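Asks: Residue numbers (our numbering), protein chains in the order written: chain U, 178 to 322; chain E, 23 to 301.
Keep in mind the hints are simulated off the structure, nothing from the lab. Here the structure is a predicted model, which means the values were calculated and not measured. Keep in mind that the hints are not guaranteed to be accurate.
As the list claims (entries may be wrong) - Quick list of in silico lysine-lysine cross-link-like pairs, DSS-like style, CA-CA up to 25 Å: (1) U:Lys299 with E:Lys264; (2) E:Lys264 with U:Lys220; (3) U:Lys322 with E:Lys264; (4) U:Lys253 with E:Lys40; (5) E:Lys264 with U:Lys298; (6) U:Lys302 with E:Lys264.
Claimed, not checked - Not everything, but these chain U residues come out facing chain E in the computed CB check (under 8 Å): (7) Thr227; (8) Asp255; (9) Arg260; (10) Leu290; (11) Gly296.
What the hints assert, rightly or not - Label pairs and their in silico Cβ distance ranges: (12) U:Arg310 with E:Thr55: 57 to 63 Å; (13) U:Ala200 with E:Thr211: 25 to 31 Å; (14) U:Arg310 with E:Thr113: 39 to 45 Å; (15) U:Ala200 with E:Gln160: 23 to 29 Å; (16) E:Gly278 with U:Thr286: 19 to 25 Å.
In this text, a Cβ means the ideal position worked out from N, Cα and C, and glycines have one as well.
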Amino acid sequence: MEKYQDSRDSGQGQSVSTTIFVASYEDVIVARQKVRELMNEMKFSLLDQTRVVTAVSELSRNIIVHAGKGEMTIIKYDESGRRGFRCIFEDKGPGIADIDLAMREGYSTTNSLGLGLSGSKKLCKNFSIQSTRGKGTRIEIAEWK
Amino acid sequence: MTFIGNEISSILSKNRNKICDSWKKQLIIQSRTLVELIGLNQVEKITQEISDSLIKAVKTINTHEHEDYKKLEKQVAELSREMSLRNITPTETAQLIFFIKDAIFPILQEDYGQNSIIADYILFINSIVDKLGLLTFQIYLESREELIKEQQRAFMDVSVPVVKVWKDIVLIPLVGMLDSSRTQLMMETMLSAIEDTQSKVAIIDISGIPIVDSLVARHLITAASAAKLMGAECLITGIRAKISQTLVQLGVDLSGIVTKTTLADGLQLALQMTEQKLI
């Protein structure tokens with residue numbers, strides 16, 4: 178499911194956002210495809226596409242594994258000559274108790290390789306994470322040319 | 023309220039031919055495409071069969087068993103299934119059923135127009151026909167869902183082929199998304215192929231996988247170590263430049279597994295490992 182929002186009038190320069198509900202493994206594929214489509218449209222290189230789409234795959238699957246459901250919002254922006262986009266992964270899941278520990282390579286609570294968060298941070302130009310225990314998690318990645 | 027099914031049934035049965043005829047006419051006027059698709063004879067048969075069953079069903083619908091009503095439901099379900107197979111939209115199928123009202127109500131109007139009992143008669147028929155209309159939708163959805171499941175099964179069947187490419191060498195080409203159920207299938211087919219063919223080398227080719235993230239990587243590592251336990255070596259081929267860079271950045275360690283860029287390289291290595299030569 179998708180909803181489109183045009184926030185062009187809100188005075189933040191030119192930006193268009195798309196929200197995708199992430200609730201099943203099929204939605205992970207949709208999220209990947211949306212980001213790949215956008216990057217293709219913005220003429221990012223194939224390597225960049227693979228890099229970012231891999232991170233999107235990790236982060237959107239994290240939503241399903243840890244929170245069950247959530248949202249990914251893609252915000253495309255074009256500000257003073259800098260073109261890029263942000264992806265925000267938000268869920269209202271259990272949250273992360275110790276972010277530093279969760280970001281450590283190889284740390285996992287689900288018997289996975291434990292590379293999702295640490296790897297995504299390395300794969301993306303910009304990565305920020307906020308989490309409150311019992312409230313949810315919000316991860317934002319950004320990419321620009 | 024006393025049961026009025028008997029009276030309605032006898033009114034309908036008295037006018038049976040009139041109802042069939044007027045129902046058919048309604049369909050010809052209002053659902054041309056449907057009539058053209060299934061043919062006039064078929065329409066005639068459907069209207070007659072359903073009218074007859076309806077006449078019987080309204081008579082016994084209040085009984086505990088209501089066998090006749092169940093029979094009618096079955097008939098309508100069968101009709102809906104057939105229509106969905108013929109690519110007729112569920113709306114058209116439901117309309118086909120609903121038009122029987124347009125055939126029955128004028129007859130009731132004619133005979134009982136002045137009598138207040140007509141409201142009860144109409145409500146009675148209405149509720150039965152509406153239920154039948156909804157049933158056609160439900161059956162339509164069910165038959166579609168069945169189709170999707172069937173296709174999924176068909177897809178799963180072809181999704182993990184195992185090819186014996188040479189003596190002692192099996193190849194598993196992977197395409198698309200590697201989720202848990204497909205991984206499970208891959209593991210099973212690969213391991214049983216190794217067992218059956220007594221192969222020494224298994225090549226997993228991931229050229230067709232667009233994104234290799236940590237989950238896919240974990241699946242590959244697990245598959246490789248399972249193969250190793252059976253005394254077979256596992257090669258992974260099809261790791262392209264962009265995937266290799268991404269994997270390194272992601273921090274995935276595939277150093278315990280032999281990997282190659284192309285399937286050709288992998289096959290050559292496999293031949294060497296099994297001490298075979300292409301002559």
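Asks: Against each hint, give a clear statement of whether it holds in the structure.
Replies: Outcome of the hint check:
| no. | hint | result |
| --- | --- | --- |
| 1 | U:Lys299 with E:Lys264 | holds (15 Å) |
| 2 | E:Lys264 with U:Lys220 | holds (16 Å) |
| 3 | U:Lys322 with E:Lys264 | holds (18 Å) |
| 4 | U:Lys253 with E:Lys40 | violated (65 Å) |
| 5 | E:Lys264 with U:Lys298 | holds (17 Å) |
| 6 | U:Lys302 with E:Lys264 | holds (16 Å) |
| 7 | Thr227 | holds (4 Å) |
| 8 | Asp255 | violated (26 Å) |
| 9 | Arg260 | violated (22 Å) |
| 10 | Leu290 | holds (5 Å) |
| 11 | Gly296 | holds (4 Å) |
| 12 | U:Arg310 with E:Thr55: 57 to 63 Å | holds (60 Å) |
| 13 | U:Ala200 with E:Thr211: 25 to 31 Å | holds (30 Å) |
| 14 | U:Arg310 with E:Thr113: 39 to 45 Å | violated (51 Å) |
| 15 | U:Ala200 with E:Gln160: 23 to 29 Å | holds (25 Å) |
| 16 | E:Gly278 with U:Thr286: 19 to 25 Å | holds (24 Å) |
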